[in-house]
Amino acid sequence: MTTMTLNAGPAVAAGDQAKNPAAEQNAVKTNAEIVKTVGQPFSDQAKLRMRNVNVFYGETQAIHDVSLDIGRNEVVAMIGPSGCGKSTFLRCLNRMNDTIEGCRVEGELTLDGEAIYGPKVDVVPLRARVGMVFQKPNPFPKSIYDNVAYGPKIHGIASRRAELDEIVENSLRRAGLWNEVKDRLDKPGTGLSGGQQQRLCIARAIAVSPEVILMDEPCSALDPIATARIEELIDELRENYTIAIVTHSMQQAARVSQRTAYFHLGKLVEVNDTETVFTNPEHELTEAYITGRFG
Amino acid sequence: MQTPTLFALLLLLILVAYGTGFSRAIAAARSRGGIRSLASLPSYYGVHTALWCGLPALILLGTWLAFDDAIIRALVMGGIADKPASISGQNLLYAQIQNLAAGNQLGEITPQLQAAAAHLTSLRQNGQYMQTALILILSAGLGAFALLRITPELRAREKVEKVLRAVLLTCACAAIFTTVGILMSVLLESIRFFHAVPVTEFLFGLHWSPQMAMRADQVGSSGAFGAVPLFTGTLMVSAIAMFVAVPVGLMSAIYLAEYAGKKVRAVAKPMIEILAGVPTVVYGFFAALTVAPFIRDLAQSVGLEASSESALAAGLVMGVMIIPFVSSLSDDVINAVPQSLRDGALGLGSTKSETVRKVVIPAALPGIVGGVLLAVSRAIGETMIVVMAAGLAANLTANPLESVTTVTVQIVTLLVGDQEFDSPKTLAAFALGLMLFISTLILNFIALHVVKKYREQYD
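Same order as they appear, the protein sequences are chains A and B.
Under my numbering, the first sequence has 204 at position 189, and the numbering climbs by one with no breaks.
Under my numbering, the second sequence has 34 at position 26, and the numbering climbs by one with no breaks.
Chain B extracted, bound-state conformation (with noise of 0.2 Å):
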């Protein structure tokens, strides 16, 4: 049987399982006068049923897939007599074999091979059935078993719950462990780069420009990598950005929280969060097309030399982009400060804009300077917008109408196309990932740290 109709099977034994234990529990009940004298309510054994029938079946199922490749390999390769000896050679071998298998006649086949074939197409078609067979007979055993134990006194609550916990634990830690996955594999391949680019010269170089000699004849194409350039432009379109973002969202949140009546708040509150839904590279596109030219054309008239492709159009734009977060988190906070503060201020003679000033603010800023900071690390992240509308030049420049580039647009440069993964070219890559990875790392760490530590203030 193929897998996914087992798994359908598998399904189907489970639902059986459910009801079955539920009205098991029901007729154990009825004897002993209602559902009342059950430990547990009817739905508890039906789950607990189910849970025996299916998750150590859905378990071993899972185990067998992960496996399975691997030993048919092994058993495959183990009955070749001259296998090459390296592990490349051993791979096209053993694609050939699958390629035979699956009825591609490609290049020249020997009776070895032939055999082999063979060999694998058996091994498959007995997995399969063994496959079947167990975790069938394991299901419908384990459910059996299960819907024997069904007496009045079995706690199956309190077993379902433990489950339910153990699977809870499990999705909590899936999440840990993919972020210490992303983590080491970025810090595995920076090390090979930091092999081949001391890290002092990485992180003071002033001179970016990542072109590697892949042939001894090419010209032209030194390498270097002093990510200075990209850092100070990453800073620069960003703190454009939150030039833009801050003010504008936190006044926006404050007329929404504060001044707003209930009818311009229904319509101006979801309007300014349709911004937070537009796709990074509409405004990309709206950056290079509309805004760029416009400041090019600007600088121009009041004679300043500006490239079309400028920081300034980036930022700003990256800017309107992060608005809405920026507005929506501190609104959040300002409607989280209690009324009594502001009734405290108002019942003093305070004036509407004091009491804002004053009270409100002072007291919603631990939570809106936490906002502040997760918009810095999305501005630092944020990509297309860069790519479209900052340009790919290196420079260094403190100059916002001169074209930039940040660490995310030269992550996107270098790994775009066919690479070879062991220059360090590609690399390099990896080690301004880990610095991206480490910059937003201490900002989510500082923010979380300044809303935990300030949030008991007020209350």
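Chain A on its own, in the form it takes in the complex (with noise of 0.2 Å):
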């Protein structure tokens, strides 16, 4: 289903993309000329590494020739209209698309420069270090304590209950939740609200203790009170954890990033600071799309 090509294509040093002057990258008019990736999509410290990526659905191609990098301790918002792929491309960082029947990857993947995609890779523990939170909060019906625990008892990291009781009250602190439900561990996760619901996913993310976080718009299905809950609780976790968050507010990436990348029709466009992306964008594309002339 799944191939690894080691060194596939000619990798781009992020000296060479230095080099090449914006002036020529802004010409580019159509998407179908994309070819490369303005701004700076490498990073010295980076935790993930993708060079080249191509995700086929069938026959349909969903990512044309991706190269990023997503730096340790850092957030990176990935921003674009709607099936743009962004989506797609954070499901290929632990490997989510495994369960979509049809779904190819290639490219060179990796995470601490082990390979992602390997005929050798065990899903289970790289889904174990490579967390995820989904745009609609989906607490398993159980009980809040149950859904936290959950992670923890399936990779058996803590073998006693006071163990347990420690991750799921860490983990629950660490989601700003802890106060709202400690006196109600034993009730369905299912009968939170929407905010709270998605705070109990990150929790029991965290309490797998993962190192990257990916979130797939884990705020559109909530009101502004709770997003911002949400967003405060991101740049906390970027402390611990490395974080790349898609998303379609783009007041939320420009608030919870260091870096954006902008995806257009499964090329990736742009990766700035965020700042630059969105005071000063280098490419024309994703000038039109921050300043809502689409999306």
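All clues stand as given, with none of them false.
Below, simulated DSS-like cross-link-like pairs (lysine-lysine); rule was C-alpha separation at most 27 Å, straight line:
(1) B:Lys271 <-> B:Lys360
(2) A:Lys202 <-> A:Lys168
(3) A:Lys197 <-> A:Lys151
(4) B:Lys461 <-> A:Lys157
(5) B:Lys460 <-> A:Lys202
(6) A:Lys197 <-> B:Lys366
(7) A:Lys197 <-> A:Lys157
(8) A:Lys151 <-> B:Lys460
(9) B:Lys460 <-> A:Lys157
(10) A:Lys157 <-> B:Lys360
(11) A:Lys135 <-> B:Lys360
(12) B:Lys360 <-> B:Lys270
(13) B:Lys461 <-> B:Lys366
(14) A:Lys202 <-> B:Lys366
(15) A:Lys151 <-> B:Lys366
(16) B:Lys360 <-> A:Lys151
(17) A:Lys157 <-> B:Lys366
(18) B:Lys366 <-> B:Lys277
(19) A:Lys168 <-> B:Lys360
(20) B:Lys270 <-> A:Lys135
(21) A:Lys157 <-> A:Lys202
(22) B:Lys460 <-> B:Lys366
(23) A:Lys202 <-> A:Lys151
(24) A:Lys168 <-> A:Lys197
(25) B:Lys461 <-> A:Lys151
(26) B:Lys360 <-> B:Lys277
(27) A:Lys157 <-> A:Lys168
(28) A:Lys168 <-> A:Lys151
(29) A:Lys202 <-> B:Lys461
(30) A:Lys168 <-> A:Lys135
(31) B:Lys366 <-> B:Lys270
(32) A:Lys168 <-> B:Lys366
Which chain A residues face chain B? A few, computed with CB under 7 Å, are given here:
(33) Val139
(34) Arg142
(35) Ala143
(36) Met147
(37) Lys151
(38) Asn153
(39) Phe155
(40) Pro156
No lab work stands behind these hints, which were simulated from the structure alone.
Glycine included, C-beta positions come from ideal geometry on N, C-alpha and C.
From these two lone chains plus the hints, build me the complex, please.
Pasting the structure below:
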């Protein structure tokens, strides 16, 4: 289903990229002509390294030759119009695309230098290292406690009940949910409000102590107050985790991320410091999108 | 005119009414500037006219058919001077008159009978004429009335929808009344049975031998109506069946829903569902001729005593019969578990089997329990396999190798052949039926309740 090509194609180094004059890139008008990503897609402290990634759903190509680094303790936001492939790209990072029939990923993807796609890679420990929070809050139909304890239990992280209790409490505290639910840990997680459910899902993800957290539009189903809480939380989580977040809200990208990647029709158009992207975008497509000319 | 001919003519009239109504509505609209000026679409005017033309006439026809025999009989019998006093005597007399009117000369024919038969024939003749005339006049008259009322302002759609709603309500009521009717008939006969045999004896008696002496000099037929052996037999056969059907059905559902590829699923699912299409009588002789002897031989080879008709054989085959039931229902509920829950579990690093065991199955459990309970009521009510494979002996035993009998089998044996409907032997069938009805009703109620209570746990 998946193939991993080591050093497939000419790997673009950060230095080469810098030599390319920005003016030449900006001359690109149509999507078909976007060949190279402008800005700084690479990082010295790469936690996740993606090179020349192509993703196919059957015959359709969803991602075209994307190269990107996500640095340690960095929040990278991925923005772009609907259907541009940002969620697909995100789901490659913990191989969630494996569950979709007919999905094929090509290119070099590594986590701390280890291949993500490889014949010998076991997805179970990989997904424990790269956690995921989904668009719609999806707590299991279990108690709040069991929702958080689920991951530690299946991975055998806690051997004693007391340890498990501690992990659950810590995770819920980190997710900013402890004070709201500490008296009703045995109540079903599905009974919480939308924002609480999403924080529960974040607590559930951090309970297995992942290194990377992928967030696929985590606030799209939430009201502004719940969104603000989650954004605060993302900022706090950055200390310990590497975070990649897909979002439709440009304000959110501006608020929570250090770097922003703009995707367009399956291609990575521009990656830059968040401030640069939103104040002085290099590529005209990026500018058109953030100023709301389409999207 | 004969009733079928009249009926066909009425249908024709209704069709004509629809067509005329339709075209009249269009004609009425033309002067006002097209169909948009009508209050409803032209077809509603057609249906409106057709309903006026057909519905009252059909109701009248139905009522007529329901009552004309009784009225004619009352008229004929009223014209006879010296009637027998008893009801059966009157029935006999009327049957004689009917025979005579139909041209069958049986027994002694008195002039009085001749006159009555002639009276009957003429009444029928006149009735027929009257029926034809009344119905056609009613139909055509109301049809014409509706046609004349067609104006662009007439809100035909609302009226048609009102009638349709009434029709839907009638259909819903028909199902309910049938259930109530069945319950009443079973209940009334059961009460008669409980006059002859005390309820406590029936419910707690340990001996079942429903042979009643029909004549005073008959021996060896004392009649014992302790239904406990039947209940335990039913319980045992059903339990064996569920023991087979639940694990196999559930696991095949899990395989089909979670593991099987598209191609395997496309082949395997219909194959499993073929099992549901096999008539139970075929399962029955499979159980009786193949499985039961096999079990007997197997038991004997390990030194166990086994009857050639055993609860085990019937239970096993019944279990196989129920597999598609469990598997298909479980497959549906497992598929209904949102993909987001699976993604959530997989995203935390669960293996496929952990996801299925710890997230998908618990989420689908209410539906699965509901499906299993429905399967249990199916097992309890199943008859044919048990008749053929489990035997008829009402043994009170916990040994599945012995032959047992179930409630349904006893109902069948009690009612097969010539029976007198005032003996407790026959009435016992109704009491058993009542018990069966109550237990499956309770099971269905629990199943529905379980499904409803936990349905909103996810989403």
